[in-house]
Amino acid sequence: MSATNAGLRLAELAAAVGGEVQGDADVRIASIAPLDRAGAGQLSFLASAKYAKQLAESQAEAVLITPELRDAPGPCRNRVIVAKPHEAILALLPRLYKQPTRPFVGVHPTAVVDPTATVDADVCLEPYVVVGAGATIGKGAWIGSHSVIGEGVQVGRDVRLYPQVTLYPGSVLGDRVAIHSGTRIGSDGFGYVYRDGVHQKLPHVGACIIGNDVEIGANCTIDRGSIDQTVIGDGTKIDNLVHIAHNVRVGRLCLMAAQVGVAGSVRIGDGVVMAGQVGVSGHVTIGDKVTLTAQAGVISDVPSGEMWGGFPARPHKESLRAYAATSKLVGIIRKLEQWVAREAAADAARVAGAESGGEAKR
Amino acid sequence: MSATNAGLRLAELAAAVGGEVQGDADVRIASIAPLDRAGAGQLSFLASAKYAKQLAESQAEAVLITPELRDAPGPCRNRVIVAKPHEAILALLPRLYKQPTRPFVGVHPTAVVDPTATVDADVCLEPYVVVGAGATIGKGAWIGSHSVIGEGVQVGRDVRLYPQVTLYPGSVLGDRVAIHSGTRIGSDGFGYVYRDGVHQKLPHVGACIIGNDVEIGANCTIDRGSIDQTVIGDGTKIDNLVHIAHNVRVGRLCLMAAQVGVAGSVRIGDGVVMAGQVGVSGHVTIGDKVTLTAQAGVISDVPSGEMWGGFPARPHKESLRAYAATSKLVGIIRKLEQWVAREAAADAARVAGAESGGEAKR
Amino acid sequence: MSATNAGLRLAELAAAVGGEVQGDADVRIASIAPLDRAGAGQLSFLASAKYAKQLAESQAEAVLITPELRDAPGPCRNRVIVAKPHEAILALLPRLYKQPTRPFVGVHPTAVVDPTATVDADVCLEPYVVVGAGATIGKGAWIGSHSVIGEGVQVGRDVRLYPQVTLYPGSVLGDRVAIHSGTRIGSDGFGYVYRDGVHQKLPHVGACIIGNDVEIGANCTIDRGSIDQTVIGDGTKIDNLVHIAHNVRVGRLCLMAAQVGVAGSVRIGDGVVMAGQVGVSGHVTIGDKVTLTAQAGVISDVPSGEMWGGFPARPHKESLRAYAATSKLVGIIRKLEQWVAREAAADAARVAGAESGGEAKR
Numbered sequence: 105m106s107a108t109n110a111g112l113r114l115a116e117l118a119a120a121v122g123g124e125v126q127g128d129a130d131v132r133i134a135s136i137a138p139l140d141r142a143g144a145g146q147l148s149f150l151a152s153a154k155y156a157k158q159l160a161e162s163q164a165e166a167v168l169i170t171p172e173l174r175d176a177p178g179p180c181r182n183r184v185i186v187a188k189p190h191e192a193i194l195a196l197l198p199r200l201y202k203q204p205t206r207p208f209v210g211v212h213p214t215a216v217v218d219p220t221a222t223v224d225a226d227v228c229l230e231p232y233v234v235v236g237a238g239a240t241i242g243k244g245a246w247i248g249s250h251s252v253i254g255e256g257v258q259v260g261r262d263v264r265l266y267p268q269v270t271l272y273p274g275s276v277l278g279d280r281v282a283i284h285s286g287t288r289i290g291s292d293g294f295g296y297v298y299r300d301g302v303h304q305k306l307p308h309v310g311a312c313i314i315g316n317d318v319e320i321g322a323n324c325t326i327d328r329g330s331i332d333q334t335v336i337g338d339g340t341k342i343d344n345l346v347h348i349a350h351n352v353r354v355g356r357l358c359l360m361a362a363q364v365g366v367a368g369s370v371r372i373g374d375g376v377v378m379a380g381q382v383g384v385s386g387h388v389t390i391g392d393k394v395t396l397t398a399q400a401g402v403i404s405d406v407p408s409g410e411m412w413g414g415f416p417a418r419p420h421k422e423s424l425r426a427y428a429a430t431s432k433l434v435g436i437i438r439k440l441e442q443w444v445a446r447e448a449a450a451d452a453a454r455v456a457g458a459e460s461g462g463e464a465k466r
Numbered sequence: 105m106s107a108t109n110a111g112l113r114l115a116e117l118a119a120a121v122g123g124e125v126q127g128d129a130d131v132r133i134a135s136i137a138p139l140d141r142a143g144a145g146q147l148s149f150l151a152s153a154k155y156a157k158q159l160a161e162s163q164a165e166a167v168l169i170t171p172e173l174r175d176a177p178g179p180c181r182n183r184v185i186v187a188k189p190h191e192a193i194l195a196l197l198p199r200l201y202k203q204p205t206r207p208f209v210g211v212h213p214t215a216v217v218d219p220t221a222t223v224d225a226d227v228c229l230e231p232y233v234v235v236g237a238g239a240t241i242g243k244g245a246w247i248g249s250h251s252v253i254g255e256g257v258q259v260g261r262d263v264r265l266y267p268q269v270t271l272y273p274g275s276v277l278g279d280r281v282a283i284h285s286g287t288r289i290g291s292d293g294f295g296y297v298y299r300d301g302v303h304q305k306l307p308h309v310g311a312c313i314i315g316n317d318v319e320i321g322a323n324c325t326i327d328r329g330s331i332d333q334t335v336i337g338d339g340t341k342i343d344n345l346v347h348i349a350h351n352v353r354v355g356r357l358c359l360m361a362a363q364v365g366v367a368g369s370v371r372i373g374d375g376v377v378m379a380g381q382v383g384v385s386g387h388v389t390i391g392d393k394v395t396l397t398a399q400a401g402v403i404s405d406v407p408s409g410e411m412w413g414g415f416p417a418r419p420h421k422e423s424l425r426a427y428a429a430t431s432k433l434v435g436i437i438r439k440l441e442q443w444v445a446r447e448a449a450a451d452a453a454r455v456a457g458a459e460s461g462g463e464a465k466r
Numbered sequence: 105m106s107a108t109n110a111g112l113r114l115a116e117l118a119a120a121v122g123g124e125v126q127g128d129a130d131v132r133i134a135s136i137a138p139l140d141r142a143g144a145g146q147l148s149f150l151a152s153a154k155y156a157k158q159l160a161e162s163q164a165e166a167v168l169i170t171p172e173l174r175d176a177p178g179p180c181r182n183r184v185i186v187a188k189p190h191e192a193i194l195a196l197l198p199r200l201y202k203q204p205t206r207p208f209v210g211v212h213p214t215a216v217v218d219p220t221a222t223v224d225a226d227v228c229l230e231p232y233v234v235v236g237a238g239a240t241i242g243k244g245a246w247i248g249s250h251s252v253i254g255e256g257v258q259v260g261r262d263v264r265l266y267p268q269v270t271l272y273p274g275s276v277l278g279d280r281v282a283i284h285s286g287t288r289i290g291s292d293g294f295g296y297v298y299r300d301g302v303h304q305k306l307p308h309v310g311a312c313i314i315g316n317d318v319e320i321g322a323n324c325t326i327d328r329g330s331i332d333q334t335v336i337g338d339g340t341k342i343d344n345l346v347h348i349a350h351n352v353r354v355g356r357l358c359l360m361a362a363q364v365g366v367a368g369s370v371r372i373g374d375g376v377v378m379a380g381q382v383g384v385s386g387h388v389t390i391g392d393k394v395t396l397t398a399q400a401g402v403i404s405d406v407p408s409g410e411m412w413g414g415f416p417a418r419p420h421k422e423s424l425r426a427y428a429a430t431s432k433l434v435g436i437i438r439k440l441e442q443w444v445a446r447e448a449a450a451d452a453a454r455v456a457g458a459e460s461g462g463e464a465k466r
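Residue numbers (the working numbering), protein chains in the order written: chain A, 105 to 466; chain B, 105 to 466; chain C, 105 to 466.
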């Protein structure tokens, strides 16, 4: 999105979110910024007393503010009183910024489209897009520069590929899929058999299937299946630099943060949330609505509904307890070692005493 | 690979793997799928009683099955009895799927090839490939769309670059190398000297050398050397999103899973296996046939033949014992702390008693 | 850089670094290599007795060597005695290797430049570069093949983009910025609100701002801000495959090694060093001159000047002590468990005795 040229009167914005204007209702707002960066023509917001200090120094033209904080000190006197300033900001974004739209409808003359491909008339293929034999591209597509759509790929309706995406042959994308720049869909999985002194490559004939309403970040890699398929469920959102291996099945409405890595044949349920840099070992099953905390290393199945973390991953609370116990251990390990040594010495003495006593009794 | 249109009779397939047909030997098989996905015209396999439940519900047209399981219940009555169904499936793949082949031989008219480059006649340069001055490309190459082959790069025979690979100037690829989409070979290493208040860049004049029969996944980065070279040994296979820094030397026949990161000047022996997300610190030496488990963080040398894991990485068994001990600690840490506190109090009391006793005696 | 064809006399090189020649001052040197790889026409160096063994077997044409090691054994008799051989090598690099320069000045005929873009006359736009509406590219730019410069992007002076970089619309690059192949600047951040049964995308209207003299490695992803901006400070250097999320502000002169991941809205001070695979959780503040060790997982603020490591990250020394304590624990955990069990039994016996004793007394 980019800012519209015109801008809007503060009164208009206040009306749109049901807010009450204090100060100059005619001031023009062109864009939105956080308190510490906002300047002339910019609207900001204050939702929590925690950030009142930023308001005290903010150069914002106007500010959305809660009823409780309406009189918080600060140079910005143009205020819109509204119950939930953060939600109001989100509601105003589409008024102040224009949604990016396709620069043209049609196929750029530099695009190389195989004559056997089926491309809807209502698409935008930007410069240097390459479309392979037998591929189909649905209505509403916006395919960024240099993207490569392999042989036999199926692209649904209203799909957006940002520049330089690669869809390997046979990949299937649902409707309203968005894939950011540099992501590779359907590359061969990492499968070899060591035979005759070399790693022989296992052929990969399975596809990579991306469900409806999936968004995938930049520079990700999602491999095709070996003989199974790799599947990303409807409504799942994936951040940047994520790796998903062959034969993995990700459920619906999952969230996978940046640099997550999922090894081969993992099964992931619906509504699973994985924080950044999580790793999941091969063939593991992760239930529905599981949460995995940052950098977790999962090497066993995770039951539905649980939050796990740490390495090796276990229930989050256990993981926290283990870290806490380790911290406490640092302070007493020397004492414990001394105690164990003393006990061992005492045991040895007892044994020696018992033996010599035995001798004496005999 | 993609499925052939025709398909084959089950009898033919059975004969190819030395199997005995039960049921309809004339049924036509077009492709292969796992039990839980297979349908009409599809062949599946059952190699272990563990998955017998999947057979019980499978809609596969036919199934490869071990002698022991030949009568396992399930609607699929067309069965080929064979000792090792999994190996048989691998053997049948090339009969049912055609290997992808170059779409044409020659240089696409949109490719930009420097007149001083030496390109064999028997190559396929797909659309928008760029080849720099003095580069050489050997017989049999298949260079994917938008790939960039820098100045002076040497590409051996039968090399495959998938779309959008970048080979920085001076890189050298052996024969039968395959590099997946988005991988960058020979980028500058991360080397700076802090001087005069800035990070001054160290020039990188070393090359990146990729041996024969190496396969590299998608979106990897392998840096060139500073004054040394970066070398990947023959037959080594690398998964997606792997980073290999300047001056690293990787031996022959190694396997590096996704998201592995190897810092500068590391030496890696032959036959080393690194699981996903492993990290190796700079200047470390890893012996031959070492295995590093998932997410291991290696900060010291690893002797040949050992399996290491954890952070900081140590022998795998020690690492497991440490995790187990930590888990047990959770249950007793409170008692241990109490004990240490009690001992300390008792010691203090003894000291106080001894002192007052001393007083009394005086 | 690549080696110049000619080469230089050893006497010339020695003079350039103020060294004294032993052996043949007329021998010609064409390039530089480490001791174990150097051969005819190559200069190497020995700065520490630790590597004297390599000198003993080195085939180098000549070697830079410290006064103390000038007589160390080895077949290479052409030696330049110099106090700091490593610094001398760095000083000689520009004499032996030519700095890469732009292959031409101008816009390659295959570049697609929007007519509303402002492109300085003194630039090199390589083949298949795409420049969007309203973008500006400053003097001295060298834009690699297939790079995509989005709508309204501002590129400063003397900027180098390697092939296949994507600058999303609205991104801003300072002067002397270098970005390696496959890096994506300004992609949407990972922000959704779960509402009405789906993850609704938060619009991202903030920009991504890259300061002067920043270098960014290959295949990185740096997201644009949501309503804030993402900012990388002047002189900061970033390695390969690094992820920086929306609204992050990185200070000046930081170093971020490969595969580092920084979550949303993190604040990072000046002169911060992050080793490989470090992860930082969202909304954390990291002070000036902090060092984070490899694979650290930061989930809380880090004060200026400290070195932290481990997961969850804490002061490096504490982290080391925790690992050491855990290692020691392995050897005594069984004894400790026995002791706790014995104490519990003794306590139970005491309680039972007290109770029965109580009975007796009544």
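Please note that a few of the clues may not be correct.
Chain copies aren't distinguished; within one or between two, either way the pair holds.
In the DSS-like style, the derived pairs of lysine-lysine whose C-alpha atoms are separated by at most 30 Å in a straight line are [as the list claims (entries may be wrong)]: (1) Lys305 x Lys393; (2) Lys305 x Lys188; (3) Lys154 x Lys188; (4) Lys432 x Lys421.
By construction, these hints were calculated from the structure, which means they are not laboratory data.
Index of numbered hints that the structure contradicts, given in increasing order: Those not satisfied: there are none.
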